[in-house]
Amino acid sequence: MTLREIADLLDAKILVGGDHLDIEVKTAFSADLMSDVLAFAKPGSIMITGLTNPQIVRIASIVDNSAILVVRGKIPPEETLSLAEELDIPVLSTRYILFETSGRLYANGIVGCVRKIEGPESVVPL
Amino acid sequence: MTQGCECSFPVEGERFEDAGKVSVEVKKMLKKIGIPDDMLRRAAIATYEAEVNIISYAIRGTVHLQVTPGRILIDIQDTGPGIGNIEQAMEQGYSTANDRIREMGFGAGMGLFNIKNCSDTFEISSEEGTGTHLSILINR
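For the record, the sequence lines run as chains B and Z. Per our numbering, the very first residue in the first sequence carries number 518; after that it's consecutive. Per our numbering, the very first residue in the second sequence carries number -19; after that it's consecutive.
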């Protein structure tokens, strides 16, 4: 799907990168944990998150995300958006929740960067 | 064509708003000198994790890069509390992060594990009450 088709499907606002809407997206990674994005996201994927701080842009730049899609109707602060302009990363915002957003994209052919985590399970202490 | 270079970046502890700034700079610089995509990505991810660790736990630290054709050495030294049990800290999911770190989307206990995954050679040493030293080697 192109970013334009994603924006139309999710009734999303284009906050940054209106001139990049022809970018083709094939994979996605949904997370509110940036550590996991760093560990698992693949180049070219779209990051789907409920976080809005500038770190989402820096992470997207590091892992080569094609765009950031912010869910649950959140609009990131100016600091985040100006950094996205500077690093040339499109930012979209949809009112759909993370589950609905991911499900709608999956139903339209977007798949996860990884299907499941290989290797040993991580036992997370409190 | 990859050229060589050597440079250092300071990282201040507790400057959460700055998390990732150094890594973005490092990535830009490596890209500019023509480092191949896979090496670039691994170096940037490892640097990001290490930078967030300094900001989250240490007083201050330095990210030192030494780039020669086909090889990136990232040397990270911090002044801070150090790590008592390195084996435990290396485990996936083990974390001592506070709420502030978690609110930012970090503190999942993936950092050192992820750095190791990105490295061809990874060495860590630490002294409690003094600091931690990471040596990350990335080959073409």
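A couple of the hints might just be wrong.
[To be verified] Straight-line alpha carbon distances no greater than 27 Å define the calculated DSS-like cross-link-like pairs of lysine-lysine that follow:
(1) Z:K96 with B:K559
(2) Z:K8 with B:K559
(3) B:K591 with Z:K96
(4) B:K633 with Z:K96
(5) B:K633 with B:K530
(6) Z:K8 with Z:K96
(7) B:K591 with Z:K12
(8) Z:K1 with Z:K12
(9) Z:K11 with B:K559
(10) Z:K11 with B:K530
(11) B:K559 with Z:K12
(12) Z:K11 with B:K591
Don't read these hints as lab results, they were simulated from the structure.
Do the hints match the structure? See the list:
1. Our distance criterion of 27 Å between C-alpha atoms is met by Z:K96 and B:K559, whose separation comes to about 18 Å.
2. In summary, the hint linking Z:K8 to B:K559 is supported, as the alpha carbons are separated by about 18 Å, within the 27 Å threshold.
3. Restraint check for B:K591 and Z:K96: the C-alpha separation of about 34 Å exceeds 27 Å, so the hint is violated.
4. The straight-line distance between the Cα atoms of B:K633 and Z:K96 is roughly 20 Å, inside the 27 Å bound, and the hint therefore holds.
5. This hinted pair does not check out: B:K633 and B:K530 have alpha carbons roughly 30 Å apart, beyond 27 Å.
6. Distance check on the hinted pair: Z:K8 and Z:K96 sit about 22 Å apart at the alpha-carbon level, within 27 Å; holds.
7. Distance restraint check for B:K591 and Z:K12: the Cα-Cα separation of roughly 34 Å exceeds the 27 Å cut-off, and the hinted pair is therefore not satisfied.
8. Only pairs whose Cα atoms come within 27 Å are accepted, and Z:K1 paired with Z:K12 is accepted, the gap being roughly 17 Å.
9. At roughly 18 Å between alpha-carbon atoms, Z:K11 and B:K559 fall within 27 Å of each other, so this suggested pair holds.
10. The straight-line distance between the Cα atoms of Z:K11 and B:K530 is roughly 31 Å, outside the 27 Å bound, and the hint therefore fails.
11. The suggested pairing of B:K559 with Z:K12 holds, with an alpha-carbon distance near 21 Å, which does not exceed 27 Å.
12. Among the hinted pairs, Z:K11 with B:K591 is inconsistent with the structure: their alpha-carbon atoms are about 32 Å apart, more than 27 Å.
When each numbered hint is compared with the structure, violations occur for hints 3, 5, 7, 10 and 12.
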